[in-house]
Structures are given as structure tokens and as C-alpha cells.
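Visitor: Sequence:
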Amino acid sequence: MSFTSLPGGTWTLGDLTVTRFGYGAMQLAGPYVMGPPHDPDGARALLREVVELGITHIDTADAYGPHVTNRLIREALHPYPAGLHIVTKVGAGRDAQGGWPPARDPASLRRAVHDNLDLLKLDRLDLVNLRLGNAQGPQDGSLAEAFETLAELQREGLIRHLGVSNATAAQVAEARSIAPIVCVQNMYNLAYRHDDELIDALAADGIAYVPFFPLGGFSPLQSTALSSVADRLGAKPMGVALAWLLQRSPNILLIPGTAASEHLHENIDGAATQLSPDDLTELDRIGR
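For the sequence shown, UniProt numbering begins at 1 and goes up steadily by one.
In short, the hints are calculated from the structure, not lab data. Each hint should be verified, as a subset may be incorrect.
Stated by the list, open to error - The list that follows gives simulated cross-link-like pairs (lysine to aspartate or glutamate, EDC-like), each with its CA atoms no further than 20 Å apart:
| id | residue 1 | residue 2 |
| --- | --- | --- |
| 1 | Lys236 | Asp284 |
| 2 | Lys121 | Glu156 |
| 3 | Lys236 | Asp269 |
| 4 | Lys121 | Glu75 |
| 5 | Lys236 | Asp278 |
| 6 | Lys236 | Glu282 |
Note that the structure is predicted; figures quoted are calculated from it, not measured.
Please construct the entire structure, taking both the sequences and the accompanying hints into account.
Guide: Put into C-alpha cells, the structure is as follows:
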């Protein structure tokens, strides 16, 4: 398989072309995204398969593990093939209880960027998202000091492109007033539609929207309408949910995560499901 046969085709993040169907590495870490996986060799093999399938967009963060997924990516894929782009996040750490405490002061952000560079064995990071808010979702407040720090690191040549994650619409606008962004990474799926207006506005400006928890996260999507459409199409509900996202807007990029090869192929096949206008209308009612 190549990127030309992956569902959704490609999108351009600044000057980087990526497959709209990407891969999220979070599930490669241990339980609750802490510690190593039970099968490190299997995790590395899966990462190599991701690349062999033509996926050119891998999403990670040094907080996963912490340090686990970045290390696995380097061990499996370095030296990186041409055209592969690794996207990471900074702005949150981990504590002994598995929490995600904010780490958005300038010193913490600089340290996080250098940690990503070192662990991934890169001279420059393709794309860094500033993670905002907390585990409950976006929180109001200025991102100026944190985003200005990342913009400074970008001017120093350590970051190619910038984005924001877990952000309000006001924070997206504030970030864009400081430096150009190429993507927004927020929670969004069939049942959680808070960013509909933001997605359309970003699409008009050529900025990608990358939904995390595209299948509901820790509470998988459950909907009679979703199951009905899936049954009618002979598909699996989660695959239909991914297909709906790709057809929702051309600027939506998918990064579903998995630690299993079989599930990876299920996600690809599901995202390729063709939905009719009637299917889309029925699914569109779920989150409204």
C-alpha cells in the first residue's frame, strides 16, 4: 500500500505533505500511557508496518510514557525515510500518579523541545503542538508567553511548524496573532461536535484540524444511528466513524492509535468506507 491508496489522500502542513490518514503513537506506551509496552519488539514492528503502509504522519509526545513512544519511534525508524513527518506535543508533563500537570513555562517548553530532539534523534522538529487546557478539556486563558517561547525556538531553527492542541477558538486566534500555525489538534468526533465552526473556519484558511479521541477515547462511541448505518453498509461502527471524519471536511487529518496490526488495518479499511449523502445526513444528526 502507498499513500496514494490510503483513504483521504494527502494534505499540506505548511510545506510538508502528509497522508490524511496518520497514526497516533500514544497506545504504544504501557497502561494509562505510563511505562513501556509489554511487547517492545511488537511495538517497533508495528511502527515499521505503519511506514510500509505509506502513512507519512506519526503523532507522538515526549509525555507518552514518559519518553517511551519517542524512544520506540527512533529505535524502529531512524534513520527516517524521506517523506515521513513526526508531529509532537509539548506543554504537559507526567507525575507519579499518571497525571498530566501543565509544563508551559518557558524553561519547561525549551527543555521539552530539546528532549524531543534528543530522543527522536532530530536536528529540527517538523511540527510542535502546544498542549493547553487540562484532562477535562480546553481552559480559557492567554497562551502568549508559552506560544511566544515556541515561536522563538522556531526562529532558532529547532522547529519547522507550529500548532496548538486542546485549545479554545480564542486561543487559536491568539496563537495566529503571534506566529503562523498549520494545525489545531482538539477533541472531536461524531458525538462531540463543539468545534464545527472552528473546523470550517480553519478549512477556509488552509489550516489542518486533527481530532484526538476520534472514536470517543476512553468511552468509545455508542450510537444506534451509527450502528444502523454500519449494518447497512456491512461495515464496523468505528470504521464508519472514521470515514465520516474524513468526509466531514478536507482539512481533517486522522491519527487513530492502536498497538495491534489487525486493528491498524481495520482502521484503514473502515476509514475508506464510502458514505452516501443519506448516510452522512443520518450520521450528522448524532452530535447535534
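Visitor: Going straight from one Cα to the other, do Lys236 and Glu282 come out at no more than 20 Å?
Guide: 16 Å, holds
Visitor: Given the hinted pair Lys121 and Glu75, is their alpha-carbon gap at most 20 Å?
Guide: 10 Å, holds
Visitor: Please work out if Lys236 and Asp269 have their alpha carbons no farther apart than 20 Å.
Guide: 10 Å, holds
Visitor: For a C-alpha distance cap of 20 Å, please report whether Lys121 and Glu156 respect it.
Guide: Since the Cα atoms of Lys121 and Glu156 sit roughly 18 Å apart, the hinted pair holds (cutoff 20 Å).
Visitor: Decide if the proposed pair is consistent with the structure: Lys236 and Asp278, CA atoms, cutoff 20 Å inclusive.
Guide: 18 Å, holds
Visitor: Assess, step by step, whether the Cα of Lys236 is no farther than 20 Å from the Cα of Asp284, and give holds or violated.
Guide: 17 Å, holds
Violated hints: none; the structure is consistent with every hint.
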